Structure formats: structure tokens, C-alpha cells
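**Q** Protein sequence lines correspond, in order, to chains A and B. Residue numbering for the first sequence follows our numbering, beginning at 1 and increasing consecutively. Residue numbering for the second sequence follows our numbering, beginning at 1 and increasing consecutively.
Hints in this document: simulated from the structure, not taken from any laboratory. In this text, all values refer to a predicted model and were calculated from it rather than measured experimentally. The beta carbon of each residue, even a glycine, is placed where N, CA and C say it ideally should be. Watch out, some of these pointers could steer you wrong.
Unchecked claim - Here are the simulated DSS-like cross-link-like pairs (lysine-lysine), alpha carbons at most 30 Å apart as the crow flies: (1) B:K86 with A:K185; (2) B:K181 with A:K191; (3) A:K195 with B:K46; (4) A:K69 with B:K176; (5) A:K181 with B:K51; (6) A:K176 with B:K69; (7) B:K185 with A:K72; (8) A:K209 with B:K176.
Claimed, not checked - Some chain A residues close to chain B (C-beta under 10 Å, calculated; not the full set): (9) Q13; (10) T98; (11) K124; (12) K181; (13) R227; (14) H245.
Number of protein chains: 2
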Amino acid sequence: MQRYFIEEVYSDQKSVRISGDDFHHIARVMRMNEGDLIWVVYKDAKTASAKITHISDSYVEAEITDLEKQDKELPVHIAIASGLPKGDKLEWIIQKGTELGASEFVPFIAGRSIVKWDDKKAPKKLERWNKIAKEAAEQSHRQVLPPVHSPISFNELIDLSRKFDRKIVAYEEEAKSGEQKNFVKELNFAKQEDKILLVFGPEGGLTSKEASELSAQGFELCGLGPRILRTETAPLYALSAISYHFELMR
Amino acid sequence: MQRYFIEEVYSDQKSVRISGDDFHHIARVMRMNEGDLIWVVYKDAKTASAKITHISDSYVEAEITDLEKQDKELPVHIAIASGLPKGDKLEWIIQKGTELGASEFVPFIAGRSIVKWDDKKAPKKLERWNKIAKEAAEQSHRQVLPPVHSPISFNELIDLSRKFDRKIVAYEEEAKSGEQKNFVKELNFAKQEDKILLVFGPEGGLTSKEASELSAQGFELCGLGPRILRTETAPLYALSAISYHFELMR
């Protein structure tokens with residue numbers, strides 16, 4: 001069943017009207033008809049099944065039939081902060097990270113980030129990243145559409161971190177020296193609805209200066225197992241472990 | 001430090017000789033010199049650091065200096081059996097699955113597998129897949145090079161499963177109905193060095209007939225959290241959760 005994220009907040013609406021790109025998808029791409037069912041995800045994560053009652057030239061009307069009972073979201077808020085990697089790796093992180101439950105993506109310019117963030121191409125790139133998140137959220141049946149923010153500087157990342165309850169750095173050097181306790185310790189400390197910031201380096205990792213600075217700012221440096229993980233794999237390990245910890249093991 | 005997987009078994013050798021593709025990589029690609037250090041991984045997972053003593057036209061000689069102390073391998077043997085997916089998704093599964101510690105890859109022709117397994121192209125494809133595993137094993141500092149087997153049929157998969165201690169199916173329908181206990185239960189039952197077979201469907205998932213057959217054969221049907229994961233993401237979730245369970249949480 002197709003899923004559509006809309007801008008409204010849920011407050012016992014009996015019906016919903018969908019226009020724009022999603023209307024086009026329903027009417028022209030999926031070629032749905034009156035009577036067909038869709039999921040409608042409201043801004044506050046409330047999700048309803050809705051039966052199409054009318055398809056016009058520019059909008060679809062649907063009658064709310066039921067609320068989705070199952071909670072699809074992690075009980076903690078996870079921000080994935082990736083040192084800007086090369087090529088289309090960030091797209092991969094966004095797509096799979098969304099399937100795995102990430103709440104938001106905060107790319108940042110790391111010391112070893114090679115790719116340049118071109119202000120002229122920026123809006124198009126950001127739009128593409130958010131489109132990828134939206135498609136992944138629909139396909140994985142999320143009830144939240146994780147935003148992808150414009151890349152920030154390392155100092156802006158430090159500032160941003162003050163809004164989080166827990167701050168973790170996946171640091172390769174920790175893995176190499178056999179550190180395996182800190183990540184579990186952090187997850188055990190975390191409470192439901194905590195905001196957790198996870199920082200990952202680009203290819204080549206974070207510099208030791210970046211790692212010290214983050215540590216001085218209260219970040220916990222953690223190993224993610226004994227094997228070295230690529231920049232696009234590490235966030236997926238962390239999110240999977242978090243799901244296993246909070247959802248499967250509870 | 002570069003890592004090379006060789007065909008010998010470790011038995012207190014004082015030196016090692018490397019030829020073929022790895023010789024080419026050392027001498028021509030990395031352009032190493034006498035005195036440079038490399039990791040040499042023996043067939044039985046013993047890994048030694050070695051100092052290059054001689055570079056000829058066709059081989060490199062190196063003197064064994066030390067054994068790698070840290071254990072990089074999962075304490076359980078994990079076989080990833082993927083219903084053959086489309087495009088290059090299996091290559092992603094092999095690359096990231098190897099980073100995450102998989103012991104072997106067993107692709108199989110699932111009911112909903114669209115891609116045809118062409119016997120003429122088979123050897124080249126298999127060679128490519130094993131090359132990808134080798135590069136990923138080197139980069140992630142593994143001590144075992146996970147083999148990628150030639151795709152087998154569903155019935156051959158059932159036969160093969162008899163060699164395993166535990167057998168798990170990541171089944172989407174279980175996730176949709178909220179099943180979240182079985183995977184943890186299986187991992188809690190597993191003992192060190194157990195051989196565990198994990199089966200994943202292709203795009204579109206396993207058919208209900210395949211799932212029933214696997215269940216009848218003693219496979220545990222498990223959900224991997226409440227979100228629907230793509231065919232190439234599910235194995236990465238499972239491997240990460242297994243690492244979290246056996247390596248970080250022990």
C-alpha cells in the first residue's frame with residue numbers, strides 16, 4: 001500500500017486532500033481509482049489509512065478509514081552527522097539510514113572531506129537528498145520523514161551538539177585499539193525520547209584534532225566492533241545496533 | 001598497512017613468499033620497497049606482520065615479524081543466503097557484508113528472483129564477486145576471506161541448511177505483524193563457533209510457500225524491527241545486530 005507524507009498535523013480529520021507531486025504519483029504514476037487505499041502520514045507521525053473518494057485534475061480526496069496501530073519509529077531520536085564523503089555515498093547513507101530509522105541527517109565538512117560544497121549547486125543537491133529520504137521513508141513504512149540538512153562546518157556541528165542529550169563519535173582509532181564498551185554504555189544510559197547525535201568521519205576518518213575536540217566537548221568516542229567500517233557502512237551498523245538494543249531486546 | 005590473504009596455513013614460518021596478483025599489487029601498484037611492512041593472513045586466520053626483504057620480477061619475500069593479537073572475527077560463523085537480487089545489489093551485500101563480518105555468501109535462486117543466472121557468464125561473475133569480497137576483507141582488516149559460492153537452487157539451500165546449527169529467515173511478513181522476539185531468542189541460544197545460516201528474500205520478498213517450507217525445515221522466521229528493509233539492507237542489519245550482541249555486549 002502506497003504511503004504519502006503530508007504537511008498537515010492530525011486532529012481527527014475525516015478526510016484528506018492531496019495535491020502536487022503526490023497527486024501526480026497517485027493519479028498518473030500508480031493510476032489509482034476511487035476505492036483504492038493509501039497510507040497518509042501526518043506531520044506528527046500519526047498515520048491513517050484512507051480510501052480514495054474523488055480524483056480531480058489536480059487533487060485527490062480520500063476518506064480517513066483507520067489509524068495505523070504499529071509504531072514504526074525508534075524510541076530515541078537519532079541524528080546522523082556524516083563527514084561529507086565523496087561521490088554518491090551520502091545518498092546511500094540517506095537511503096539506507098532512513099530505512100533503518102534515522103531521525104535526521106546532518107552532513108558536515110570534515111577536515112578530510114575532499115568534495116567541495118558548491119553553493120550554486122547546493123539547492124538542487126539538497127532537494128535530491130530530501131527526495132531520496134522521502135522515497136526511502138515511504139518504502140520502509142516510516143511514520144516520520146527524516147530531513148536532510150544543508151552541510152554545516154565542524155564548529156557549527158559542535159554548536160548544534162549542545163541540543164542533544166547524548167553525543168557519540170564512531171572513531172576508527174578506538175576500534176583499532178579494541179575499545180568495545182562505550183557504545184553499549186551510552187545506549188544503556190539513554191532514556192526514551194533522548195536526542196542522540198552520532199558523528200562519523202569521511203573516507204580517511206576524522207583527524208585526531210577533530211576527535212580530541214569532540215571529546216573535549218563531551219562526545220563519547222566509541223568503537224563499532226573490531227573490523228574497520230567504511231564511511232557509508234558505519235552509520236548503518238550504529239542504527240542497526242540501536243534498533244536491536246531498543247526494539248528487539250526490550 | 002596493506003593486508004594480503006595467502007593460501008598457506010600458519011605453522012611458525014619465518015618468512016613468506018608472495019607471487020601473482022598480490023605480488024603485482026605490492027610491487028607495481030603500491031610500489032613498496034624492502035623494509036616496508038605488510039599484513040599476511042594465513043588460511044587458518046592467523047595473521048602476521050611481515051617486513052619485505054626482497055622484491056624480484058615475480059615474487060616478494062618478507063620476513064615474519066609478529067602475529068596480529070586482536071581477534072577481528074565474529075565468534076560465530078555466519079552464512080548470508082540472499083535470494084538473487086537485481087543489478088549489482090549482490091555486490092553491495094558482499095562488500096558491506098564482508099566489512100561487517102560475514103563468513104560466507106550463498107546466493108540462491110528465489111521464486112521472485114528476476115535476474116537469470118547465465119551459465120556462460122557465471123565464472124566471470126563469480127570471480128568478480130570473490131574479488132569484491134577479497135578487497136573488502138583487506139580493507140576491513142579481516143582475518144578470514146569469506147568465499148562467495150555459485151548460486152544454488154532453493155532445494156539445494158534446504159539441503160545445505162542441514163550443516164548449520166541455527167537457521168534463521170528474515171521474513172518481512174513477521175516484521176509487519178510486529179514479531180520482534182525470535183531473532184534475539186536465536187542469538188541467545190547460539191554458542192561460540194556455532195554455524196548460523198541467515199536467509200533473505202530478493203526484491204518482493206520470499207513467497208509464503210518458501211517461508212512455510214523453510215519453517216517446516218526448522219528455520220526460525222524472524223522480524224528485523226518494525227521498518228521494512230530492502231533486500232540489500234536486511235543482511236547488514238542482521239550482521240550489525242550479531243556483532244552488537246556477540247562483540248559489544250559480551
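**Q** Evaluate each hint against the coordinates.
**A** Consistency of the hints with the structure:
As the CA atoms of K86 of chain B and K185 of chain A are separated by approximately 39 Å, the hinted pair breaks the 30 Å bound. A distance of roughly 21 Å separates the Cα atoms of K181 of chain B and K191 of chain A; the hinted pair therefore holds under the 30 Å criterion. Annotation: proposed proximity of K195 of chain A to K46 of chain B is violated, straight-line Cα distance about 42 Å (limit 30 Å). Between the alpha carbons of K69 of chain A and K176 of chain B the distance comes to roughly 11 Å, so the proposed pair stays at or under 30 Å and holds.
For the proposed pair K181 of chain A and K51 of chain B, the alpha carbon gap of about 33 Å is over 30 Å, so the pair is violated. Taking the CA atoms of K176 of chain A and K69 of chain B, the gap is about 11 Å. The hint holds against a cut of 30 Å. The straight-line distance between the Cα atoms of K185 of chain B and K72 of chain A is roughly 21 Å, inside the 30 Å bound, and the hint therefore holds. For the proposed pair K209 of chain A and K176 of chain B, the alpha carbon gap of about 45 Å is over 30 Å, so the pair is violated.
For Q13 of chain A, the interface hint is violated, since its Cβ never comes within 10 Å of a Cβ in chain B; the closest pair sits about 25 Å apart. Of the supplied interface hints, the one on T98 of chain A holds, with its beta-carbon coming within about 9 Å of a beta-carbon of chain B, less than 10 Å. Checking K124 of chain A against chain B: minimum C-beta separation of about 25 Å lies over 10 Å; hint violated. For the restraint placing K181 of chain A at the interface with chain B, the shortest Cβ-Cβ distance is roughly 8 Å, inside the 10 Å limit, so the hint holds.
At its closest, the beta carbon of R227 of chain A sits 4 Å from a beta carbon of chain B; the interface hint therefore holds under the 10 Å criterion. A least Cβ separation of about 7 Å between H245 of chain A and chain B falls short of the 10 Å threshold, and the interface hint therefore holds.
The structure is inconsistent with the numbered hints 1, 3, 5, 8, 9 and 11, although it conforms to all the rest.
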